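**Student:** Chains as they are written, first to last, in the working numbering: chain A, 8 to 289; chain B, 4 to 278.
Hints in this document: simulated from the structure, not taken from any laboratory.
The model shown is predicted, which means the values in this text are computed figures rather than measured ones.
Incorrect hints may appear among the rest.
Far from chain B, some chain A residues (derived; all Cβ distances over 12 Å) [what the hints assert, rightly or not]:
#	residue
1	V60
2	F69
3	G190
4	R198
Derived CB-CB ranges, DEER-like [unchecked claim]:
#	chain 1	residue 1	chain 2	residue 2	range
5	B	Y111	A	G138	57 to 67 Å
6	A	F252	B	T12	48 to 58 Å
7	B	P70	A	V99	28 to 38 Å
8	B	Q53	A	R206	51 to 61 Å
9	A	F252	B	P70	26 to 36 Å
10	A	T282	B	I16	42 to 52 Å
11	A	R198	B	P70	54 to 64 Å
12	A	S275	B	A179	39 to 49 Å
Positions of the beta carbon are idealized from the N, C-alpha and C atoms, including for glycine.
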Amino acid sequence: MWLFALPALLINVCIILIPGLLTLMAAFFVWDGVGTPAWAGLANFHSLFDDPVFWTALTNNFIWTAIFLIVPMCLALVMAAALMMVPSSRIVVQCIIFLPRILAAAVTGRVFQGMIFSPVTGLVGWLNGHGLSISDPLADPDRSLYAVAAVDIWHWWGFLAVVYFAAMRQISVDQIEAARLDGAGFFALLRYVLLPGIRPTLVLMMILTVIWSFQVFEFIYIVTQGGPANGSEVLATLAYRNAFFAGDIGKATAAACVMSLFGLCATSVYLWLQTRDSASAA
Amino acid sequence: MTESRLNRTLCLILIGVASFASLLPIVLAVMNALKTTVEISTNPLAPPRQLHWENFTSAWNNAALGPSLLHTAEVAALTIVMVCATAAPCAYVLARQRGRGFRLLTFYFMASITIPVQLYLYPLYFIFAKLGLVNSIPAVALIYTAMFSPFSIFLLRTYVVSIPYALEEASEVDGATAWQKFYYVVLPMMRPGLLTVAIIVGLNAWNEFVIAVTFLQNDSNVTAIVKFYNLTGQYSTDWGEMLAAAVIIVLPVVLAFVLLQRRFIDGMTAGAVKS
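Let the hints inform the model, and build the full structure from the sequences given.
**Tutor:** Right under this line is the structure:
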């Protein structure tokens, strides 16, 4: 029977597990990617912690986590509850808000750069010409992280709303009708019936949000490359640049380890929940 | 009664605003793909006065989008085949076997879903460079297979669980081996699951950025996403042409989504909805 699982396992071990373990090892060596690695102890971690950019990146990862635990969550919950209240054209609306999720990050990133944020060709530029004075947020180190987060939120929140809506549909109709007959308004219904009803889904999505927030790379690398002046730097972009542009594999792998360590806490909660569920389902 | 009508109106307004926000960047991109760059900078919100289809022909020719789209299709097809071939048998044993070893294997695949690319990317790159596998499309498809198969295994496992075990028992009586049971009894019934997996894996491979941009550096074998990324810097000037290229790359995905939206949505939200 093991033969059935062997090909999938073999590919996974060769591509993910072994290189993953090598990363943990490489963090303790000095290596430029070509020559012989030399033992370095904690030197890579010291040089990482001495780098102020590392602390900017780590802070940005925490800010990113906080943003994504709040903004898309609230948007999606309110949207899903609104869909519960309106019985018509649900499928069309779901498709529309899901659409951004299937578009490639590289394309979405560029479209936002050109059509939304650009002071020349974008919405920002148009608003500037119509009395509002906003500068290009991508050129501002203090705002670039939030601008990229806005792109990722656009891409992500509709998917989340569809997930929550699917979960809310599993709540018994009687419960919702009873609350309505008792005169519960929109927010009372959301607070006392819908939210408790989708708690397992909500918890799972929050844990996944934490895991993904420490891995975030694509949108930031595509839109700002971590800049300007490291304003939108996160651990993943820091690691990537160190590995492929600065040739400092030790520092890159050390940053990858730090970022995995934070994800690991959330991952263990995720695994505990998932195995508990699959055990109870069996 | 009036309050509930007010609620309903507010909900409709909310849904309208949300749909508008989701569509706005897409509409702007499509609209401006048909304008000249001068027209775009004059007013990005105005509809095109004249349809400049030449943006599309010049994007297609200047960027050599044709060959790179072919590479994207190759990577996606190879990945789909490899994921289906390896994940289906694996999902079958994980659904049917109860031993401790298989429970550990389930745990391992679950854990590998949450491992960040960054944790294995760097050694993988240098290993592949040493083996001469950088700039190879099958090598990229192999990495995608490893990345996307754990999710596929869990999706397919739920399909296997829903197939009545009695069918396999019946074939056992007829003397079927484990492989025959899988191939002749279970696999045909997994078809809808395999179709969903093919769609999701194909979508992910089509859109993937990090691995593609790292492992495909030769302009002659990049995927469409990498080609697009390399062509368009942050301070790109020819926005009309760039947006036309964006529309060309995204169009197959959107068409597939419109035709098969239920499968896209069900497949991508699978595992996220808990009861």
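**Student:** Is the claim that G190(A) lies outside the interface with chain B correct, judged by CB distances over 12 Å?
**Tutor:** 8 Å, violated
**Student:** Against the range 39 to 49 Å, how does the distance between the Cβ atoms of S275(A) and A179(B) compare: consistent or not?
**Tutor:** Check passed, 41 Å falls within 39 to 49 Å.
**Student:** Falls inside 42 to 52 Å, the C-beta gap from T282(A) to I16(B)?
**Tutor:** Distance hint for T282(A), I16(B) holds at roughly 43 Å.
**Student:** V60(A) clear of chain B by more than 12 Å, beta carbon to beta carbon?
**Tutor:** About 16 Å separates V60(A) from the closest Cβ of chain B, which puts it past 12 Å; holds.
**Student:** Quick one: work out the minimum CB distance from R198(A) to chain B and report holds if it exceeds 12 Å, violated otherwise.
**Tutor:** 14 Å, holds
**Student:** Assuming the hint says 57 to 67 Å, is it satisfied by the Cβ distance from Y111(B) to G138(A) or not?
**Tutor:** 59 Å, holds
**Student:** Between F252(A) and P70(B), is the Cβ distance one that fits in 26 to 36 Å?
**Tutor:** This hint holds: roughly 28 Å between Cβ atoms.
**Student:** Are all C-beta atoms of chain B more than 12 Å from that of F69(A)?
**Tutor:** 16 Å, holds
**Student:** Range hint 28 to 38 Å: satisfied by the CB atoms of P70(B) and V99(A)?
**Tutor:** Holds, at about 37 Å.
**Student:** Is it true that the C-beta distance of F252(A) to T12(B) lies inside 48 to 58 Å, as the hint says?
**Tutor:** Check passed, 54 Å falls within 48 to 58 Å.
**Student:** Using the beta carbons of Q53(B) and R206(A), state whether their distance is inside 51 to 61 Å or not.
**Tutor:** About 55 Å separates the Cβ atoms of Q53(B) and R206(A), which means 51 to 61 Å holds.
**Student:** Given the range 54 to 64 Å, decide if the beta-carbon distance of R198(A) to P70(B) lies inside it.
**Tutor:** The hinted range 54 to 64 Å holds for R198(A) and P70(B), with Cβ atoms some 55 Å apart.
Consistency with the previously given hints fails for number 3 only.
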